[in-house]
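Using the sequences plus the hints, can you model the full thing?
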Amino acid sequence: MSISEHGAEGTQDGGVGQYLTFLLDGQVYGVPIVQVQEIRGWMSVTPLPNSPAYIKGVLNLRGTIIPVIDLRVRFKLPFHPYDALTVIVVVNIRDRLAGLVVDSVSDVIDVGAGERRETPTFEGQVDRRFIDSLLENGQQVVIVLNTAELDDSVGAGNSQAA
Amino acid sequence: MAIDLRQFHQTFFEESLEGVAEMESELLKIEANAGHISGSNLFGAEAEALNTIFRAAHSVKGGASTFGFAAISDFAHVLETLLDDLREARIEASQHLLTTLLRAGDVLRSLLIATRDGAPIDVAHAASVREALEALHASSPGIAPADRRHTARPASAPAPLVSERGWRIDFRPHTNLFLSGNDPLRIFRDLANHGTLRATLSFASLPSWKDFEPGNCYLSWVLDLEGRIQHAAVKEAFSWVEDECDLRIEPLSVPQAGIAREEEGGATAQQSIRVNLQKVDTLVDLVGELVITQTMLSRYQEGFDARDYAKLQNALVQLERNTRDIQESVMRIRMLPVGFALNRLPRIVRDLSQHFGKKVDLKIMGEQTELDKTVIERLADPLMHLVRNCMDHGIEHPDERRAAGKNETAVLRVEAYQKGGNVYIEIEDDGRGLPRDRILAKAIQRGLVAADAAAAPDQIDRLIFLPGFSTAEEVTGVSGRGVGMDVVRSNLRALGGSVDVESHDGKGTRFTLRLPLTLAIIDGLIVKVGSQIYIAPLLSVLESLHLPNHRVSRPAGGTEIFTYHGDEHLPIFRLHELFDVPDAATEIEQGIVVVIESEGKRAGIFVDQLLGQQQVVVKSLESHYRKVDGVATATILGDGDVVLVLDIGSLVRFASGRHVAA
Chain H
1 MSISEHGAEG TQDGGVGQYL TFLLDGQVYG VPIVQVQEIR GWMSVTPLPN SPAYIKGVLN
61 LRGTIIPVID LRVRFKLPFH PYDALTVIVV VNIRDRLAGL VVDSVSDVID VGAGERRETP
121 TFEGQVDRRF IDSLLENGQQ VVIVLNTAEL DDSVGAGNSQ AA
Chain B
1 MAIDLRQFHQ TFFEESLEGV AEMESELLKI EANAGHISGS NLFGAEAEAL NTIFRAAHSV
61 KGGASTFGFA AISDFAHVLE TLLDDLREAR IEASQHLLTT LLRAGDVLRS LLIATRDGAP
121 IDVAHAASVR EALEALHASS PGIAPADRRH TARPASAPAP LVSERGWRID FRPHTNLFLS
181 GNDPLRIFRD LANHGTLRAT LSFASLPSWK DFEPGNCYLS WVLDLEGRIQ HAAVKEAFSW
241 VEDECDLRIE PLSVPQAGIA REEEGGATAQ QSIRVNLQKV DTLVDLVGEL VITQTMLSRY
301 QEGFDARDYA KLQNALVQLE RNTRDIQESV MRIRMLPVGF ALNRLPRIVR DLSQHFGKKV
361 DLKIMGEQTE LDKTVIERLA DPLMHLVRNC MDHGIEHPDE RRAAGKNETA VLRVEAYQKG
421 GNVYIEIEDD GRGLPRDRIL AKAIQRGLVA ADAAAAPDQI DRLIFLPGFS TAEEVTGVSG
481 RGVGMDVVRS NLRALGGSVD VESHDGKGTR FTLRLPLTLA IIDGLIVKVG SQIYIAPLLS
541 VLESLHLPNH RVSRPAGGTE IFTYHGDEHL PIFRLHELFD VPDAATEIEQ GIVVVIESEG
601 KRAGIFVDQL LGQQQVVVKS LESHYRKVDG VATATILGDG DVVLVLDIGS LVRFASGRHV
661 AA
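Residue numbers (the working numbering), protein chains in the order written: chain H, 1 to 162; chain B, 1 to 662.
By construction, these hints were calculated from the structure, which means they are not laboratory data.
Predicted, not measured: the structure shown is a model, and the values here were computed from it.
Built from N, CA and C at the ideal position, the CB exists for glycine as well.
It is possible that some hints are incorrect.
[Said to hold, decoys possible] Computed footprint of chain H on chain B, listed as stretches where at least three residues anywhere in the stretch have a Cβ under 8 Å from a Cβ of chain H:
| id | stretch |
| --- | --- |
| 1 | 335-342 |
| 2 | 575-588 |
[Unchecked claim] Counterexamples of contact, computed for chain H against chain B with all Cβ distances above 10 Å:
| id | residue |
| --- | --- |
| 3 | Leu-23 |
| 4 | Gly-41 |
| 5 | Glu-149 |
Structure below.
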């Protein structure tokens, strides 16, 4: 899935808008606020057999059953045990819900025009296809996630045909 | 007219489709009852049936005109004309006529569905049936027989002038029009029944206020009436005011810039359902009881002491009862008589009898048996396929039947009944039975069965459910492509049901479909593996055993098997291995083997222990994720945790696959 010219899905043109930021292994990431449905503290999930390692399991969200993705595993970051700050960010990607496990949640930031940067070609830690763009926010660089790509891997996936 | 008519479209389509179904049903009855068919014999009960048929077509035409569905209203109009001929006994009810009318019903149905869904219309097919209708109409003698009752309807003498596009009407009432009790609005409504009406008002004749007489008509209109309408029909609308106006009717020649006529895509096809009012009333009563219980319980919000315990307990018991009753009641609302899925069968049987030259008597029983609406909708296709198969392969030609000492007319019995938590539908014919030799030969040829395998008759019969199977020598248009039975079985499986077959050589075949009463709630067996809990659908469970080691063996390094009831050897699938669950029991003797059956195959699933049985509400994993091997749905137990429900069929396939690969 190509990286869109017009900013991550759900934002206005050029990446302007609000983003929820969170931390993973010391790096700040962001998702457009319109995609975020809610934030829940970590709670135990029911493991799902025969699914990729980054799917921690499924969760009961007020009667709806949603998958929970461990982003550290997904992005092949080093393991870190869950602690009091670990939260699940529930995102809505094209009407499908999923929970993302992150180290901790940070602020909601406002991003104006001109603060968005294209992703340079670098051999970074995180697979390029998950990155939508980069934002400059004061001193820090925020990596905006391409949540649609997360959705593709969740929905289509490589499990054997049922 | 500023009302947005689109809100009425859905009702129009629903009612029209029902009307067409009714029309077809009545036509079939007429055909069946009128032994030797000849026009003047059609009186009495048939007359009432004809009226019903005519009314159905007439309503469709009227509605279609109002909404601007020209294709439908035009076709319905031609159909109605012919039906009128039949009704007024101007034409004989020949076999050809009845067949054409049935075909016209089909066209009307497909036009309605295409318009509703925004799909393209098969113009060629509609045109050819329409020609047939018009030809029949043109061939009618046009002279009523002597015992015709009365000339009730005016203007039945055909006015030959018809305009393809419509008419432009210049309507100028005289000032005294109102005094004779006439209202132009009524005339316009009448006109609007024939086509799309656009009115342009002119009040050029309005006098100054001091000369204005309220009882006078000072208005005039230019009316554009679009559609394929007879001149006589237009004139008829003005028949009451002929002498009190200046009227000019001219055909429209230039196509008017149209309003969007056809529906812009039935994208949001909102489904609806007809509910027996009594069911709704029952539900209302139950909710009333629930409210009372809630009031009882809310008293304890304020304060609670030990003396109230007994009362609280009572209230909770009552709450449980209320909830269960409401649950049952609501599920029943979604249930409809299975007859809805069966109502296409008479027509199919009739058409196929003619097509194959076979005589078949279709008996339908138990059509009041109720099923969930979704199940009924998805049942129609498999049912039709099974019936087609019976007609094509099972039932013999009349001479063959006579030679076998059977009645020339075969009996095809379709019966629905409820037993246990399921609804069964049996489709039985008294034909020649399944050709076991051919089936076995084909299976061996395809490598599905070893050449020297001793297969029991019922095992051979079940081979027909394998994919790609067909013993038909050639692919007939009706069946024989070999995709049929497999699709039927997977359709049934998708509904949570199953299909089985029983056959007796020379005597007949019986297919039994089993369907769950409802899709959303199942009876589950709660099993524990390690620290995880799973639910096994009770429908698939035969029994649970504690196996001693001597009944378990592992021949030649293959899969583990155990002896079941002394004569069967079934594989053991270890759930802790399949699902990679740590800390589970590994010794067979320390756990429980749950014997399951799925798609005719049996196996044992090894778990740690059984925790009990419970009804659970099933939720799909696919709403927000997808199903995985062995698990397609999940449920939420009382403590709020998600518990996965085993998909037995998928589990067996997955487990078998793994063992083969290993």
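Results of checking the hints against the structure:
no.	hint	verdict
1	335-342	violated (count 0)
2	575-588	holds (count 4)
3	Leu-23	holds, 25 Å
4	Gly-41	holds, 14 Å
5	Glu-149	holds, 16 Å
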